[in-house]
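There are 2 protein chains.
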Amino acid sequence: MRALVFDGALKVEEQHKEPQIGPGEALIEVRRAGICNTDLEITRGYLNFHGVLGHEFVGVVREVASQEDKTWLNKRVVGEINAACGRCATCRANRPTHCPNRTTIGIDRHDGAFAEFVRLPVVNLVEVPASIPDERAVFAEPLAASVQILEQLHIKPTDRTLVIGDGKMGLLICQVLRLTGAEVTLMGRHPEKGALVERQGVLFRTSIEPEKGGFDVVVECTGNSEGLKTAKSLIRPRGTLILKSTYHGQTTIPLSDFVVDEINIVGSRCGPFEPAIRLLERRLINVDQFISAEFSLKDGVAAFDAAFGKGNIKVQLRVNS
Amino acid sequence: MRALVFDGALKVEEQHKEPQIGPGEALIEVRRAGICNTDLEITRGYLNFHGVLGHEFVGVVREVASQEDKTWLNKRVVGEINAACGRCATCRANRPTHCPNRTTIGIDRHDGAFAEFVRLPVVNLVEVPASIPDERAVFAEPLAASVQILEQLHIKPTDRTLVIGDGKMGLLICQVLRLTGAEVTLMGRHPEKGALVERQGVLFRTSIEPEKGGFDVVVECTGNSEGLKTAKSLIRPRGTLILKSTYHGQTTIPLSDFVVDEINIVGSRCGPFEPAIRLLERRLINVDQFISAEFSLKDGVAAFDAAFGKGNIKVQLRVNS
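Sequence lines, in order, name chains A and B.
Letter 44 of the first sequence, counting from 1, is numbered 43 in numbering that gives the first Met the number 0, and no numbers are missing.
Letter 171 of the second sequence, counting from 1, is numbered 170 in numbering that gives the first Met the number 0, and no numbers are missing.
Derived by calculation from the structure, the hints in this document are not laboratory data.
Computed from a prediction, not measured in an experiment: that's the story for all the values here.
All residues carry an ideal CB built from backbone N, CA and C; glycine is no exception.
Any given hint might turn out to be false.
So, partial list: chain B residues that the calculated Cβ filter (under 7 angstroms) puts toward chain A [what the hints assert, rightly or not]:
hint: 1; residue: Pro156
hint: 2; residue: Ala194
hint: 3; residue: Glu197
hint: 4; residue: Leu202
hint: 5; residue: Pro271
hint: 6; residue: Arg277
hint: 7; residue: Leu278
hint: 8; residue: Arg281
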């Protein structure tokens, strides 16, 4: 099959071996996929992953291992990217995204979705309603990661919230936070990106003076360690700081300042797919405005060049569609 | 001034005395007002209130008592309906809607908004952005009461929620709950009302069989004591039951069942106006579909007849507009 592979260099292979499904798994024919910052980081050596890239996708189930999963055949699906063992204490405690035995598609010991086919456990699949076209369904994964903030934290309608970083994740998080009724401010460097969410009732600032009071909730998603300092300067005592950035290397911080001000720090990663699909179905999130370019899978290398470029927000890959 | 007064009977008075503002208060020229179930209940004797009815309104500030409040003059506003003392322990603890010395417009010792003018403390006012027309701004008060649920409770995007009662309040609450990403089911008796929220991704049922599992969150807003029994039969153990119904008389319930199943019962009344205004400004709540009739204030008695009628959802009064 055709696949976009990273093995130290990025290349399109035409004869990549098709995935073989194991017990409980489904083979999914990929229709469309999205390029994430993590994909870009992997091509710079992040996580030392070699294999088929890609974890944001929508596709159609073409094969299942178990007779009782036949109802999934020919259904259009998105999928939770962490393939958990389902048997360990963490899985039994209903925290499969933290399963110590998990593999992660396109990221950790599991071939990804920038290919004609990808395999995933059936329990990871969520059916996509007909009203959500492929190009929106691809956003289920990053949207789920944004929704995870609402799953972890009680954000009150009267809260003042701040998102730092106007990348793909920051823009999606602003759209999720605005649903709570809370005041939402986005701080970033790109007024043209800020304008996308300003028309949805989000305030955009390129800089903010620390003030008395400060923000109740600050979401750090700049992708670098500077964001944390900014976050600390703008959060109120006893406020909650959500960490979304993942980046290579160590971070040096004045941790005692967080103790003195009694800041609640919450790490946040993958989230629930079903609510993300519901929000797309209810048309409460506008993802169309974030799609800035699309390429065929055979032009995957050019797609990555575009995704690295400053002008693009989300670059998508057409696979079997 | 013209006013719709209840003094045992409902009538329009043309020469009702204008309100006199006291320290910290504003005089508001009412533009439009909405009839609530509480108004209907009052004409049946509820709370034994006599005076000008009405607490859902939008108007323009025409007079203020203090020099420092002059910036409010000529601003279009909605207003929190509880006039608190601002000095007691409850007010100092930032719970003014529970101030023991409070009066409440159109409900408790304070003339209401079905009149050409109404008075309120300036601290109760919230400016209405130009993008929200009068007929939507009038919904700020009941929408704030719906938003109060999100202020009190962490509803998770993965929760299964149920609203019992398809009246005005139930329909608004469904629209607020859908923003959380949670599954939302409305149980009611009127499929034509259910249809209004079904197209927004809310499931509508006229009856639900108790099942294993049950709902994580149940909101009871039927306006009668039968709703509580239904709620108990459909909530899961350790689930949260939000009580929105207020009605005359005592309720007999098997309270031990709530202990055995460890149900969390949360009473819920008035809510924050700023988030309600933000949600209207962001066009996340469709209130237009609920306005089923409007009358001039001089036809206020006919408006109440219409509001008592089965076919109407929200009846509005044009005052100075």
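Hints, one by one, checked against the model:
Of the supplied interface hints, the one on proline 156 (chain B) holds, with its beta-carbon coming within about 3 angstroms of a beta-carbon of chain A, less than 7 angstroms. Hint status for alanine 194 (chain B) relative to chain A: violated, with the closest Cβ pair at about 16 angstroms, above 7 angstroms. This hint is violated: glutamate 197 (chain B) has a C-beta 11 angstroms from the nearest C-beta of chain A, more than the 7 angstroms allowed. The restraint placing leucine 202 (chain B) at the interface with chain A is violated, with a minimum CB-CB distance near 11 angstroms, outside the 7 angstroms limit.
Checking proline 271 (chain B) against chain A by beta carbon gives a least distance of about 5 angstroms; that is within 7 angstroms, so the hint holds. Satisfaction of the interface hint for arginine 277 (chain B) is found here, the shortest Cβ-Cβ separation to chain A being roughly 6 angstroms, below the 7 angstroms cut-off. Here the hint on leucine 278 (chain B) is kept, as its CB sits about 5 angstroms from the closest CB of chain A, short of 7 angstroms. Given the 7 angstroms rule on beta carbons, the hint for arginine 281 (chain B) holds: about 4 angstroms separates it from the nearest Cβ of chain A.
In this structure, the earlier hints numbered 2, 3 and 4 are contradicted, and the remaining ones agree with it.
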